[in-house]
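Enquirer: For reference, the chains in residue letters:
2 protein chains.
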Amino acid sequence: MKESLKFIRLQQKELSLLGGVSALLNWDQMTYMPQKGGVERAEQISLISRLTHDRIISDEFYNHILKLSDKKNMKTLEKHDRIIVERLKKDVEKARKIPSEYIQRAAKTISLSYNAWQTAKKKKKYKLFAPYLKKIIELEQEYTDYIKLPGHPYNTLLDDYEEGMTVNKLKNEFNHLKKPLTKLLEDIKNSKKYEKQKPITGTYPAEKQREINELILKHMMIPSDKSRLDTSAHPFTIQINNDDVRITTRYNKQNPLSSFYATIHEAGHALYDLGLPKGVYKDTVISQAPSVGLHESQSRFWENMVGRSKDFWYYWHTILKKKYQNIKNQDTWYYIANQVKPSTIRVEADELTYGLHIILRFEIELLLINDKIKINEIPDTWNEKMTELIGVKPRNDAEGVLQDMHWSTGDIGYFPTYLIGSIYSAQIHKQLLKDQPDTPQQIRKGDYQDIIKWLRRNIHRYGRTLTSEQIIKKTCNEGLNANVYIQYLKNKYSDIYDL
Amino acid sequence: MKESLKFIRLQQKELSLLGGVSALLNWDQMTYMPQKGGVERAEQISLISRLTHDRIISDEFYNHILKLSDKKNMKTLEKHDRIIVERLKKDVEKARKIPSEYIQRAAKTISLSYNAWQTAKKKKKYKLFAPYLKKIIELEQEYTDYIKLPGHPYNTLLDDYEEGMTVNKLKNEFNHLKKPLTKLLEDIKNSKKYEKQKPITGTYPAEKQREINELILKHMMIPSDKSRLDTSAHPFTIQINNDDVRITTRYNKQNPLSSFYATIHEAGHALYDLGLPKGVYKDTVISQAPSVGLHESQSRFWENMVGRSKDFWYYWHTILKKKYQNIKNQDTWYYIANQVKPSTIRVEADELTYGLHIILRFEIELLLINDKIKINEIPDTWNEKMTELIGVKPRNDAEGVLQDMHWSTGDIGYFPTYLIGSIYSAQIHKQLLKDQPDTPQQIRKGDYQDIIKWLRRNIHRYGRTLTSEQIIKKTCNEGLNANVYIQYLKNKYSDIYDL
Numbered sequence: 045m046k047e048s049l050k051f052i053r054l055q056q057k058e059l060s061l062l063g064g065v066s067a068l069l070n071w072d073q074m075t076y077m078p079q080k081g082g083v084e085r086a087e088q089i090s091l092i093s094r095l096t097h098d099r100i101i102s103d104e105f106y107n108h109i110l111k112l113s114d115k116k117n118m119k120t121l122e123k124h125d126r127i128i129v130e131r132l133k134k135d136v137e138k139a140r141k142i143p144s145e146y147i148q149r150a151a152k153t154i155s156l157s158y159n160a161w162q163t164a165k166k167k168k169k170y171k172l173f174a175p176y177l178k179k180i181i182e183l184e185q186e187y188t189d190y191i192k193l194p195g196h197p198y199n200t201l202l203d204d205y206e207e208g209m210t211v212n213k214l215k216n217e218f219n220h221l222k223k224p225l226t227k228l229l230e231d232i233k234n235s236k237k238y239e240k241q242k243p244i245t246g247t248y249p250a251e252k253q254r255e256i257n258e259l260i261l262k263h264m265m266i267p268s269d270k271s272r273l274d275t276s277a278h279p280f281t282i283q284i285n286n287d288d289v290r291i292t293t294r295y296n297k298q299n300p301l302s303s304f305y306a307t308i309h310e311a312g313h314a315l316y317d318l319g320l321p322k323g324v325y326k327d328t329v330i331s332q333a334p335s336v337g338l339h340e341s342q343s344r345f346w347e348n349m350v351g352r353s354k355d356f357w358y359y360w361h362t363i364l365k366k367k368y369q370n371i372k373n374q375d376t377w378y379y380i381a382n383q384v385k386p387s388t389i390r391v392e393a394d395e396l397t398y399g400l401h402i403i404l405r406f407e408i409e410l411l412l413i414n415d416k417i418k419i420n421e422i423p424d425t426w427n428e429k430m431t432e433l434i435g436v437k438p439r440n441d442a443e444g445v446l447q448d449m450h451w452s453t454g455d456i457g458y459f460p461t462y463l464i465g466s467i468y469s470a471q472i473h474k475q476l477l478k479d480q481p482d483t484p485q486q487i488r489k490g491d492y493q494d495i496i497k498w499l500r501r502n503i504h505r506y507g508r509t510l511t512s513e514q515i516i517k518k519t520c521n522e523g524l525n526a527n528v529y530i531q532y533l534k535n536k537y538s539d540i541y542d543l
Numbered sequence: 045m046k047e048s049l050k051f052i053r054l055q056q057k058e059l060s061l062l063g064g065v066s067a068l069l070n071w072d073q074m075t076y077m078p079q080k081g082g083v084e085r086a087e088q089i090s091l092i093s094r095l096t097h098d099r100i101i102s103d104e105f106y107n108h109i110l111k112l113s114d115k116k117n118m119k120t121l122e123k124h125d126r127i128i129v130e131r132l133k134k135d136v137e138k139a140r141k142i143p144s145e146y147i148q149r150a151a152k153t154i155s156l157s158y159n160a161w162q163t164a165k166k167k168k169k170y171k172l173f174a175p176y177l178k179k180i181i182e183l184e185q186e187y188t189d190y191i192k193l194p195g196h197p198y199n200t201l202l203d204d205y206e207e208g209m210t211v212n213k214l215k216n217e218f219n220h221l222k223k224p225l226t227k228l229l230e231d232i233k234n235s236k237k238y239e240k241q242k243p244i245t246g247t248y249p250a251e252k253q254r255e256i257n258e259l260i261l262k263h264m265m266i267p268s269d270k271s272r273l274d275t276s277a278h279p280f281t282i283q284i285n286n287d288d289v290r291i292t293t294r295y296n297k298q299n300p301l302s303s304f305y306a307t308i309h310e311a312g313h314a315l316y317d318l319g320l321p322k323g324v325y326k327d328t329v330i331s332q333a334p335s336v337g338l339h340e341s342q343s344r345f346w347e348n349m350v351g352r353s354k355d356f357w358y359y360w361h362t363i364l365k366k367k368y369q370n371i372k373n374q375d376t377w378y379y380i381a382n383q384v385k386p387s388t389i390r391v392e393a394d395e396l397t398y399g400l401h402i403i404l405r406f407e408i409e410l411l412l413i414n415d416k417i418k419i420n421e422i423p424d425t426w427n428e429k430m431t432e433l434i435g436v437k438p439r440n441d442a443e444g445v446l447q448d449m450h451w452s453t454g455d456i457g458y459f460p461t462y463l464i465g466s467i468y469s470a471q472i473h474k475q476l477l478k479d480q481p482d483t484p485q486q487i488r489k490g491d492y493q494d495i496i497k498w499l500r501r502n503i504h505r506y507g508r509t510l511t512s513e514q515i516i517k518k519t520c521n522e523g524l525n526a527n528v529y530i531q532y533l534k535n536k537y538s539d540i541y542d543l
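So the sequence lines, in the order shown, correspond to chains Y and X. Per our numbering, residue 45 is the first one in the first sequence, and the count goes up by one each step. Per our numbering, residue 45 is the first one in the second sequence, and the count goes up by one each step.
If you are wondering where the hints come from, they were derived from the structure by calculation, not from laboratory data. Every residue, glycine too, gets a C-beta built ideally from N, C-alpha and C. Take the hints with a grain of salt, since some may be wrong.
What the hints assert, rightly or not - These stretches of chain Y come out as covered by chain X in the derived footprint (C-beta under 8 Å, 3 or more residues):
no., region
1, 265-275
2, 286-298
3, 418-431
What the hints assert, rightly or not - When the alpha-carbon atoms are kept at most 27 Å apart in a straight line, the in silico DSSO-like pairs for lysine-lysine are as follows:
no., chain 1, residue 1, chain 2, residue 2
4, X, K270, Y, K166
5, X, K222, X, K46
6, Y, K57, X, K80
7, X, K367, Y, K252
8, X, K171, X, K152
9, Y, K152, X, K152
With these hints in hand, go ahead and build the complete structure from the sequences.
Expert: Structural data, given as structure tokens:
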């Protein structure tokens, strides 16, 4: 028993170290790696992944877990060890269902597929990517066969990102959203204010944007000795170790809000990583987020509920005014940060149409996994749905089906977590306002300490002791509920567009 | 046979990938890591080291090597495979003499010792470091017992950095150097020009220094898509993979030559790394430098023989003039780059006194390994030798015995390679001028292509097919020869100081 406990502790510690090593290899690839370093970098990442997987599925590790999870033994364990062993058993048994040969084959296919996607996107030709997408879908189908969760095969894919989530639940929530969102979009388009879109004018030097970003990080209490802010093509957050969580942003000289909101978004992720449970759970499977969706709820919460609120701009418009010496007032910044602009591109989408982008991808992924659509039909379906849901049509494949890298990297089932995160963020926001009604006043002062304390207490500290939905239920008294999100959006946009 | 060949190829490939992973962890630690990430970074580095060592000493690997190195089998191998197997056998048998337990214990002691050294240096108190140095020396002595090369125990330590080098050989060369160097220093001090030292005045923005550094990298044909230039407390070069070799420098606004020469020095290392043999030797033990000293010869060659030559400044003084808008002419820059300034600090030493710094360390290391000096006597011995050799006395331990980190990291036997490299660089330079007499004219034009080609052909391409001394013998027709170095220094300083 003691020996087994010691073994699984050490194993988790080393897995966590290897995870950090892998994270650094990825971070460097996205930020500073010289261009030609990429080929062997892929090999380095793949080697560390293999070493990690081999460790997870090793018989020695599993036998220790089995020994500890024996009913009699479990009773003698302390509560936190029991939680760790249960969690580990589930994780390891899932991993052991996947043959190592599959892992390597998949890694290779993904690598080729990602390259093909890059070329295809550059040349705006879906055809160049299609055969690889076919292979990716076959790989994913093979994967669902190994794991075989009950119900729809897509459930298995979802579960990797959002444990316990099912197609039925999601369809229910997303269908619930679809009409109100398109209706709201319609109303906004018909409003008088919509006609008077305000473009951002002027140029905003990256150096000044960076200074403001550093300032918001300080306000969000991201410790500068445990973090970094860098630049990458796509902003991301990555944990290198318990005391090293890094975020990236990207600068657009024509739009100072682009890097600003990316930074706030990523800082939301970073706060979560830094707030995960330590102590008895340090370097264990518990000191992680229970799902990608809950992680996304934290970034969305900061980006939208805090960062795109009127109260937020009460404080920050003076900071931006000083820095850029322009004369935009609070209301203008608030409006610019929130104006609805239907676009074919997800990452440029406003808060309202963003959800519709996700629903589109979710629906196509379901068709793909079920073989209910031919690979070559996807662009047409994509474009039709885009027109139907958002009212815009991609001019080419790069603006349409090829815009996101997710499919090329085998991340089918990932997109929904973006919308799940958005819904959760609205629920969290609602509960926070109930628990701490002076939150808006604090936001007006640029003071986020109490918000962070509340998040630490109600979301972060659970780690994986509970599932996402359990955490949300515990904190917000109900599970995933799209209605809260709809209400939040209606209130916001009614105000902005005088609906 | 085929299977064994395949196995050792793959094993070397993965060891090389792991080496790169470790390199990235170190590079990041020295450049961008947030301060508090250090504790777990040490654990990550140590885990990768252990995984690497375990692989090197695994029975499976050794058995394949033994099988291949069987006389009969060797005969059937292609020449390059024979070379690889021989080299591997030597490396692996050496590594297998060290117990894994020792590796871990040493890593821990070094980590503590390095921290203690940092504190001690900050507080300028040798006493805080002394007990750790004692442990380091004991570890090194234990190590020499495992490997036990013939002769002086220090031979074993030397051999790790400079294969085949012995205390006797070194004593011979270094003693040979000592008198002429101190004599030359004396003559310079007594010269008229020495009295008129020229201080560098003005300030030189880091950004402009950086631009010049990027320019010299271009001239030195360092490919920008396979390299980076960053900033760190101590400049270094590190190879992340075959197509990713990074260098660092550091900026001193009062002295533009500091970052310039550091960059040239490190670029010399990088050129060597990039020029190591590929093809049949790619990702094998052969595609490495045979010794630290030969590696250092490349950096010294570029820094001193090229970078501190009069011809070099013929080209670069116009570049610096444009950039800094100051009026220093070629002769002034040349003089500033070469003026002799006895200092207590090795890394600030001029070309002449640098060697004396190394001799001092070499002599103390010999005493330490032989237990011929007590740990608490070292500062006094250090200061006496410093006064005797260089004519300056450290004002405190930070300027004396604590200035270098090498002992704290267990690198006893490393210092001599700096001087070996300097001697080799003079020999290489002499031969290059013989082989390509128009070299000075090319340097005057800032054109280093033919120099690089010559180095590739005569030094880089050998990798570890030969030892350093064999390479030097082959190229320069004689082994390590301090006389050439003395002659080079005499010629140079006679000219500068009108001796």
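Enquirer: Could you check the structure against the hints above and give me the numbers of any it violates, in ascending order?
Expert: 3, 5, 9
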